[in-house]
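**Student:** For reference, the chains in residue letters:
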Amino acid sequence: DQQVKQNSPSLSVQEGRISILNCDYTNSMFDYFLWYKKYPAEGPTFLISISSIKDKNEDGRFTVFLNKSAKHLSLHIVPSQPGDSAVYFCAASGSDTNAGKSTFGDGTTLTVKP
Amino acid sequence: GAGVSQSPRYKVAKRGQDVALRCDPISGHVSLFWYQQALGQGPEFLTYFQNEAQLDKSGLPSDRFFAERPEGSVSTLKIQRTQQEDSAVYLCASSLIRAANNSPLHFGNGTRLTVT
Numbered sequence: 375d376q377q378v379k380q381n382s383p384s385l386s387v388q389e390g391r392i393s394i395l396n397c398d399y400t401n402s403m404f405d406y407f408l409w410y411k412k413y414p415a416e417g418p419t420f421l422i423s424i425s426s427i428k429d430k431n432e433d434g435r436f437t438v439f440l441n442k443s444a445k446h447l448s449l450h451i452v453p454s455q456p457g458d459s460a461v462y463f464c465a466a467s468g469s470d471t472n473a474g475k476s477t478f479g480d481g482t483t484l485t486v487k488p
Numbered sequence: 002g003a004g005v006s007q008s009p010r011y012k013v014a015k016r017g018q019d020v021a022l023r024c025d026p027i028s029g030h031v032s033l034f035w036y037q038q039a040l041g042q043g044p045e046f047l048t049y050f051q052n053e054a055q056l057d058k059s060g061l062p063s064d065r066f067f068a069e070r071p072e073g074s075v076s077t078l079k080i081q082r083t084q085q086e087d088s089a090v091y092l093c094a095s096s097l098i099r100a101a102n103n104s105p106l107h108f109g110n111g112t113r114l115t116v117t
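Chains as they are written, first to last, in the working numbering: chain A, 375 to 488; chain B, 2 to 117.
Rather than coming from a laboratory, the hints here were simulated on the basis of the structure.
Ideal placement from N, C-alpha and C gives every residue a C-beta, glycine not left out.
Check the hints yourself; a few may be wrong.
Stated by the list, open to error - Each pair of labels, with its calculated beta carbon distance range:
1. K58/B - I392/A: 22 to 28 Å
2. K428/A - E72/B: 36 to 42 Å
3. V452/A - R10/B: 32 to 38 Å
4. K58/B - T400/A: 20 to 26 Å
5. H446/A - V75/B: 36 to 42 Å
6. R10/B - R435/A: 27 to 33 Å
Said to hold, decoys possible - Subject to a maximum C-alpha distance of 30 Å in a straight line, what follows is the list of computed DSSO-like cross-link-like pairs (lysine-lysine):
7. K430/A - K379/A
8. K379/A - K58/B
9. K430/A - K445/A
10. K58/B - K445/A
11. K428/A - K445/A
12. K445/A - K379/A
Okay, chain A solo, but in the shape it has when bound (with noise of 0.2 Å):
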C-alpha cells in the first residue's frame, strides 16, 4: 500500500501561468516533506521542504502547501517557465523512523509550454 500517493501523472501548463502539483500521503507519523526534482537522466534534486508544525513555505517562485487535516500537501509554482518542465516528486519522512528515509511518490511529469 502506497503511503505517499501522486494521483496526477502528468500535467501540462503554459508558460507564464500556475502550475500546482499535489500529494497525499496515509502515515500520520510523517512530520517533514520535501518536494525533489528530477530531469531525464540525472537524479532528483531537492526543491522545497515543510515541516509539520507549518502549513506553508515559499522560496521564490516556489510554494508548498501542506493541510495535516487533509494529510495533502500541494506544490505550486508561479509563473511558470520551460525549465520547469521534469518529474516532481513528492516525499515524506518521519521522526519514528530511520531519519532521512523518505518515502517518495511515484512522480508527476510537469511540461510547461512556451
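Starting from the known structure of chain A, fit chain B onto it as the hints suggest.
**Tutor:** Chain B only, in chain A's frame:
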C-alpha cells in the same frame, strides 16, 4: 567532487551474474543512502549508512543484495545472482549531517541496471 558520483552509469548483466555498483558521496557527508527506482515509479529505500555503520537495511529486497561502506566514504552495492526483476535505476544519495528528517538528500545520477 562537487556532487555524488556513481559508476557505472549503465550496466547490462546476464541473469545469474553478480554486479557491483559504486557510489562516491560528497566529501564529508556522514549519511549515505541507496534507493532503487523502477521504471515509472518513485525511488524506494534500500539501505542507510552513518559513516561506516549500516544502520538500516530494511529495504534490501533479498539476501542477494549487500551494501558496504568500509571506510565511511565510498559505498558499494552488490547484487548476487541477478534476476530480471532487479532491473532498475539504483540511486545513491548523501547528506552532510547525521540523518535527520529535515536534511535533504543529494542524489547521484544513478546506475541503470538491465538484467537480460
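**Student:** If a hint holds in the structure, say so; if it does not, say that too.
**Tutor:** Hint check:
In this structure the hint that K58/B and I392/A lie 22 to 28 Å apart at CB is violated, the actual value being about 42 Å. Taken as a hint, the range 36 to 42 Å holds for the pair K428/A and E72/B, whose Cβ atoms sit roughly 39 Å apart. Our hint of 32 to 38 Å for V452/A and R10/B holds, since their Cβ atoms are close to 35 Å apart. Taking 20 to 26 Å as the suggested C-beta distance range, the pair K58/B and T400/A conforms, at roughly 24 Å.
Under the hint 36 to 42 Å, the C-beta atoms of H446/A and V75/B, about 40 Å apart, fit the expected range. For R10/B paired with R435/A, a C-beta distance near 31 Å keeps the hint of 27 to 33 Å intact. Taking the CA atoms of K430/A and K379/A, the gap is about 20 Å. The hint holds against a cut of 30 Å. With a C-alpha separation of about 24 Å, the suggested pair K379/A and K58/B falls inside the 30 Å cut-off, and the hint holds.
The straight-line distance between the Cα atoms of K430/A and K445/A is roughly 14 Å, inside the 30 Å bound, and the hint therefore holds. The hinted pair formed by K58/B and K445/A meets the criterion: a straight-line CA distance of about 28 Å does not exceed 30 Å. With a C-alpha separation of about 13 Å, the suggested pair K428/A and K445/A falls inside the 30 Å cut-off, and the hint holds. About 11 Å separates the Cα atoms of K445/A and K379/A, which keeps this hinted pair within 30 Å; it holds.
The structure shown violates just one earlier hint, number 1.
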